[in-house]
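J.: Each chain, written out:
Number of protein chains: 6
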Amino acid sequence: MRPDGRKPNQTRNVTIERHYIKHAEGSVLISVGDTKVICTATLEEKVPPFLRGSGQGWITAEYSMLPRATPSRNQRESTKGKVGGRTMEIQRLIGRALRSVVDLSKLGERTIWLDCDVIQADGGTRTASITGSFVAMADALNVLVEKGTFDRIPLTDYLAAVSVGVVNEVPVLDLNYMEDSSAKVDMNVVMTGSGKYVEVQGTGEETPFTPDELQNMLSLAKEGIEQLIMNQKIALGDVGDRIGTKEPQSV
Amino acid sequence: MRPDGRKPNQTRNVTIERHYIKHAEGSVLISVGDTKVICTATLEEKVPPFLRGSGQGWITAEYSMLPRATPSRNQRESTKGKVGGRTMEIQRLIGRALRSVVDLSKLGERTIWLDCDVIQADGGTRTASITGSFVAMADALNVLVEKGTFDRIPLTDYLAAVSVGVVNEVPVLDLNYMEDSSAKVDMNVVMTGSGKYVEVQGTGEETPFTPDELQNMLSLAKEGIEQLIMNQKIALGDVGDRIGTKEPQSV
Amino acid sequence: MRPDGRKPNQTRNVTIERHYIKHAEGSVLISVGDTKVICTATLEEKVPPFLRGSGQGWITAEYSMLPRATPSRNQRESTKGKVGGRTMEIQRLIGRALRSVVDLSKLGERTIWLDCDVIQADGGTRTASITGSFVAMADALNVLVEKGTFDRIPLTDYLAAVSVGVVNEVPVLDLNYMEDSSAKVDMNVVMTGSGKYVEVQGTGEETPFTPDELQNMLSLAKEGIEQLIMNQKIALGDVGDRIGTKEPQSV
Amino acid sequence: MRPDGRKPNQTRNVTIERHYIKHAEGSVLISVGDTKVICTATLEEKVPPFLRGSGQGWITAEYSMLPRATPSRNQRESTKGKVGGRTMEIQRLIGRALRSVVDLSKLGERTIWLDCDVIQADGGTRTASITGSFVAMADALNVLVEKGTFDRIPLTDYLAAVSVGVVNEVPVLDLNYMEDSSAKVDMNVVMTGSGKYVEVQGTGEETPFTPDELQNMLSLAKEGIEQLIMNQKIALGDVGDRIGTKEPQSV
Amino acid sequence: MRPDGRKPNQTRNVTIERHYIKHAEGSVLISVGDTKVICTATLEEKVPPFLRGSGQGWITAEYSMLPRATPSRNQRESTKGKVGGRTMEIQRLIGRALRSVVDLSKLGERTIWLDCDVIQADGGTRTASITGSFVAMADALNVLVEKGTFDRIPLTDYLAAVSVGVVNEVPVLDLNYMEDSSAKVDMNVVMTGSGKYVEVQGTGEETPFTPDELQNMLSLAKEGIEQLIMNQKIALGDVGDRIGTKEPQSV
Amino acid sequence: MRPDGRKPNQTRNVTIERHYIKHAEGSVLISVGDTKVICTATLEEKVPPFLRGSGQGWITAEYSMLPRATPSRNQRESTKGKVGGRTMEIQRLIGRALRSVVDLSKLGERTIWLDCDVIQADGGTRTASITGSFVAMADALNVLVEKGTFDRIPLTDYLAAVSVGVVNEVPVLDLNYMEDSSAKVDMNVVMTGSGKYVEVQGTGEETPFTPDELQNMLSLAKEGIEQLIMNQKIALGDVGDRIGTKEPQSV
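The listed protein sequences derive, respectively, from chains C, F, B, X, G and E.
Per UniProt numbering, the very first residue in the first sequence carries number 1; after that it's consecutive.
Per UniProt numbering, the very first residue in the second sequence carries number 1; after that it's consecutive.
Per UniProt numbering, the very first residue in the third sequence carries number 1; after that it's consecutive.
Per UniProt numbering, the very first residue in the fourth sequence carries number 1; after that it's consecutive.
Per UniProt numbering, the very first residue in the fifth sequence carries number 1; after that it's consecutive.
Per UniProt numbering, the very first residue in the sixth sequence carries number 1; after that it's consecutive.
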């Protein structure tokens, strides 16, 4: 029995509110249980120096938490004067993950900035950021479809992320903060709509984990991601039909 | 006629949603037209070094904008590695303003951190931050009343802030972003429930302003602030009755 | 009776020594009582990126204090690795104030850097910086008149600044450090030769102030600024006659 | 056929030279092919603030590359003024990995600093750093055994790391730089002497990878780590016999 | 013939104005030709951590230039966010030099901060800073003599500094900026009243220099320093008589 | 008698291992006693902005120590976020010294970066860095000779550096760390193959030194540098024959 009464393979309640910030090309408020993240997608008509002249686009992400997103106040990184290691790891992960499903050649020399700002944290903020950013990014690209720049949204597949772990010797799906604090293994999985892995990151700092535990967590993650991609499709509605080539829509 | 159809002395629509972030002692989402700010108040059981042993409390504020709170994306200050001049000016103003209505001796050696994070900007973010922070601060202090630390909330008065300016030669109240951009004078006024000034900051960078214009703006500001304090009282409900000594409540 | 025997509406003794630093286009040592500031004006034949191609000039200011300008040594901001909030506020104020009396179109794509370095502080360093910088800026622009770039110095008016406050319930003009420390209200006013406001910044952090106190302080400020502009005219001598269109000289 | 003629499941040549730096409690120069890393272990008789009074020890790591460890010179992070995201990710990984096999209670309130400085890079620098640091850490702890502080070295198991990937559709073990650059999947695995996972980090940024590819890479990693732990045992000789309780030595 | 008509062994005109800044324990404005430096000495009743409990005092220095001390404006180090290499070298030199003539045991656990701020630069700013700081430091220590803390000023000797160089193949003393720019060798010498070396720093970056040139420059430096110490003695007057044990005064 | 049994005029054992890092154009591991420094030389086909279009090349150096190069661990400068004063002084010295023997016009618009990383420190790290960098720089320039860019290596002379000091009243050559700690004078001398000075930096912080001591130290330095240049010639072998015009080789 989990602290909030869920079964081991059950995700928390997910809501995705689109068009949350009026200025951004794409923006959502994603809630996964009590974890709430504002994800915005900004289109920029240029690329970083290393891609100039390449004809390729770029996807980059930044992640932050409001000071009171957490039970005790955490100091702002702007005040500290530097971005910490945890933040860098997370924003590199978000950017890399989202980049994997964008057809960067079709995108052309444009950058999409994904900004993930956690306004309330209860475990799984990086995976919620990825799942929410996918929807914001689709909306931002849809702006270009509506302008006639593209026929279809240049995404090759859906993409979502979830955490899994081993708590009290039981593999469980979508850990909240209380579970996360007592988990002996913590793993984040990013997967596409067609069931391929984009990222697998498992850590057994306190207690190394066995090959069997690894396999059980991978199974749970697959179940969770299928559920999350269903949520994305419902949220996107018609816009989802414009994503990619024919194949992904039939998933 | 103003861009959004308001009269010169009319404020925008204001909503104040309390208990917006579950972890914070006080938190509100304040909307003033399309300007939206999350204000949280954090209680800390210690004071900065210069007040240790003094028996006095402290109020301090931090202010930030999400990157896409604005029409074009602005770079994060954490990424720049330093807090800019505009941010510093605003957060110093917020802290100073709120401090003016706290009975710091009654507060004792405690600090209240006010965090104002603008999630959508449309002019007047610093004044909305002050107006919203007052409510968050009252809620945070009410936690101490409910614990029995205080009998009443140690605030000496209500406090709100509003902008005024001269646009197309007409003094107007509560400028939105479009008006702010074309105003020849921009002034922020912070005032208490009993009609005293806490801050008056007027700037006529492009065109110096006359003594008459100054007087007209001060009158408009007074009207606006009375309205905003009414909004605060409605939002706070019963908690408002616990504020300060008897005198301020009868205002 | 004030600590140094002045009447409430009396300024301290002011001296303005021009051509103080041989390398700068304009430079003064201004003394207001025991407050001493070196103000230099540097002409640069380019503008910041946001003005390139606009045909407009720019005025920007930097402010600093020597470590022992004050009774106890203050740490250098270069050693701290960042410019503090107070410094930023002051240098933004100085730049904004001086910019208000420059005809930026006539100036053309040039920048004037105003550097205000306080070598001894006794209250009113920011207002002395503004008053002194005006003279240094006029001298720097006169260099361009002497070169034949301009017929007249492209300033639209004189400009000076003074502090006012309420000390022991009495509104007073031009506070020294001792008065400033015990003032319940502290206000800085920047005004032009023709009596228009450029900045009004009043703060009642410890005690909010009444509308009457505000009006009294504004009156004192007007008196003080008229006196300071007289000092500027005497210091500038012939160069003053070249300032602006005919109108301001007749003030 | 791989660029250097190895079979898919073959590691590069490994040498571990102990006592490489005379001042450090433990130090090795590890070479994995042309990748060369100096790993030092420093004993400090205190712990970070969050562990004071807990009776527990701490393991922390720092990682850096000499500017010409790589084909083109990379700028020093000291000159840039900040530690980059890649470095932070790697040093957090090294610290977390090594911590997993230390009995922190037996270690007591001591910190071991692991410094990994890459003097020549040819792929796999983070995994070589982990494998080398284990030996340096054992030597540093052995200093405490020789002083009589401990009877045995308080490590619970051996630990090594290796990279695997998919190059030209073939899963391969221990990628050099040329292979790494063209791999569609890149995965790092950290494993204990008893065959448990400590970290599994796989990334398919360019091309998501299938569940089968994941399983094949996990198998190769296991082979590689067994080989590396054999190298560690040979290098440590007698000191290895003092590691942990009886169980691990019999592995 | 030198640009300003001096002979090779002739120093520029030197003036030392004591008590220049009212707040500092010691302060001078030293002018060496057109080079002008404000040197203040601040007494602090504590020492850096590495000396606590040692019974020894400490001398430390900071050096800076106003932005327009030089022909073209140089950016402030506070704005750059870091102290540059040249500044660090100079302030380390000043501190080291002054420390050499202080009896740190007699000083006890006190620090003297020497702040050297160049307001106008024309070559030789570091040597003028040393020569001026000696006088400021003597005045600061004299404050402690007047309070009765010491019988005599705990300095072991006088100390001054001068630059020498080879310009147009001729060794010359006390180079101004124009000479310094064309010198093939640049050397700074710090020497005590009794003719001992404290620092000898010669650099022949463009052209290595011969042993003969070195000897000639050392001779010139000795002459110059004797002259400068005479200037210091005249400036200090009676306070000079309180310096050190009997021996140095008879020099 | 010195701690390691050497005579006053005896250097420590020196080895210079060329081609130490495979990626760099020039690289050596130099050992002077227990001091070990990796010196790499990187050729870059551009110059800093101040030299663009001048036809002149540039030589610049960076210096760092591994954290455990020293008896106790020193914090990385990348972690501190800034390069310290000692490091800046040393790397400026190395760059200046090496530049003095390069024919910058013949080099053309190219930069050579010299990176000196101390992996083990036992006194004299800056002088070992200079002596080793000379060899690495010669190898890097030889790459251009082999490519046919130059006929001969555009160096005007050999260059080496050594420390001298006064320990227990005796002038000694090439101090190790133990001697350095107790020396009353510490001096570094950089000299060319033809016996000219490039740098003379002597410091008598604890005790000023006499003219006689200075002369004795200069003699010892000359002996030491002749020995070191002999080591460089042996290490360079044939490559040495390509250095400069005919004259230097006959030294």
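Incorrect hints may have been included.
Stated by the list, open to error - Which residues of chain F face chain C? A few of them, derived with a C-beta cut under 7 Å, are:
{"#": "1", "residue": "Glu17"}
{"#": "2", "residue": "Arg73"}
{"#": "3", "residue": "Gly81"}
{"#": "4", "residue": "Met178"}
{"#": "5", "residue": "Val239"}
To be verified - Distance condition first, Cα-Cα at most 30 Å in a straight line; then the derived BS3-like pairs of lysine-lysine:
{"#": "6", "chain 1": "B", "residue 1": "Lys184", "chain 2": "B", "residue 2": "Lys222"}
{"#": "7", "chain 1": "C", "residue 1": "Lys80", "chain 2": "X", "residue 2": "Lys80"}
{"#": "8", "chain 1": "F", "residue 1": "Lys184", "chain 2": "C", "residue 2": "Lys184"}
{"#": "9", "chain 1": "G", "residue 1": "Lys82", "chain 2": "B", "residue 2": "Lys82"}
{"#": "10", "chain 1": "E", "residue 1": "Lys82", "chain 2": "C", "residue 2": "Lys82"}
Hints are computed from structural coordinates only; laboratory data are not their basis.
All C-beta atoms in this analysis are idealised placements derived from N, C-alpha and C, irrespective of residue type, glycine included.
J.: For which of the previously enumerated hints does the structure constitute a violation, in increasing order of number?
T.: 1, 4, 5 and 8
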